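Asks: Quick note on the working numbering: the sequence shown kicks off at 801 and runs consecutively.
One or more hints might be untrue.
As the list claims (entries may be wrong) - Computed Cβ-Cβ distance ranges for the label pairs, DEER-style:
#: 1; residue 1: D913; residue 2: D890; range: 32 to 38 Å
#: 2; residue 1: D968; residue 2: K927; range: 23 to 29 Å
#: 3; residue 1: K990; residue 2: I907; range: 39 to 45 Å
As the list claims (entries may be wrong) - Result set (BS3-like, lysine-lysine): computed pairs, CA atoms no more than 25 Å apart in a straight line:
#: 4; residue 1: K898; residue 2: K915
#: 5; residue 1: K893; residue 2: K946
#: 6; residue 1: K915; residue 2: K948
#: 7; residue 1: K927; residue 2: K893
#: 8; residue 1: K977; residue 2: K995
#: 9; residue 1: K942; residue 2: K977
#: 10; residue 1: K977; residue 2: K951
Quick caveat, the hints were computed from the structure, so don't treat them as lab data.
Computed from a predicted structure; not experimentally measured.
Note that beta-carbon positions come from the ideal geometry of N, C-alpha and C, so glycine has one too.
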Amino acid sequence: MKLFTVFLLILIPLGVRADLTSLEKKNKYACEVKKNIDLNPFPYLQYEGAHGSFVDFFGDGKLEFYDNGRNYWKNKGGTNNVIYSKNEIDQSKIERVKMVWLRKVAIADINVDGKDDLFLLGHGWDKPPFPGEKSMLLLSHKGEYKSKDPKLGVGFWHSGAIGDLNNDGLPDLLAVKGGKGTNVFALQNKSGQFKKKSLQLGSSSIGKR
């Protein structure tokens, strides 16, 4: 009987859950896509250097993909970011944003109007002296999308995130530089403006509010 019980424990590991969380489902799907590109409903994701993200423009429940322009690495002056969609959307209502190198796109309802907004983290030309570039916002506004400079400054930004850092109900921004340097976060006020603050690498405190 003891041998049979041990055998069952080997076959059925403790702590296994049948239901996956939403994040686990997305990660599982992403891994499957990389293993089998035929599963990918958006074939342009095969391109090297895609740093974009899925986004629901206009809140219609359908997904688009926002990404850096093709062959962006060949143009020091920058290229317009691009939008791919299997659905018909009016792209004339989405302002074109020109960047040298779009490193990452973070998605959240930044201006709290119930629709997806985009935090576009700029990387800049990837050769010495690594001049960097500005990061931008692309915000929904009266049925359109308009760009806005959150005034984080020029940086060699490699990553970032959106979240409510000071529990005031408004999304704030975090921008992370590559290598040694100072990260930046910006707290949003009720008028939609951002106040930039520095955050040393390795620090977890946002300081005085």
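Asks: Against this structure, judge whether each hint is valid.
Replies: Hint-by-hint comparison with the structure:
1. Against the hinted window of 32 to 38 Å, the Cβ-Cβ separation of D913 and D890 comes to about 18 Å, which falls outside the hint.
2. For D968 and K927, the hinted distance range of 23 to 29 Å is not satisfied, since their beta carbons lie about 40 Å from each other.
3. At about 22 Å, the beta-carbon gap between K990 and I907 misses the expected band of 39 to 45 Å.
4. Taking the CA atoms of K898 and K915, the gap is near 22 Å; set against the 25 Å cutoff, the hint holds.
5. Restraint check: the Cα-Cα separation between K893 and K946 comes to about 8 Å, which is no more than 25 Å; the hinted pair holds.
6. Only pairs whose Cα atoms come within 25 Å are accepted, and K915 paired with K948 is accepted, the gap being roughly 16 Å.
7. Taken as a hint, the K927 and K893 pair is broken in the structure, with Cα atoms around 34 Å apart against an allowance of 25 Å.
8. A threshold of 25 Å between alpha carbons decides the hint, and for K977 with K995 the separation of about 18 Å falls inside it, so the pair holds.
9. For the suggested pair K942 and K977, the alpha carbons sit about 33 Å apart, so the restraint of at most 25 Å is broken.
10. Note on K977 and K951: the hinted pairing holds, with a Cα-Cα distance of about 15 Å set against a maximum of 25 Å.
Going through the hint list in order, the structure does not satisfy hints 1, 2, 3, 7 and 9.
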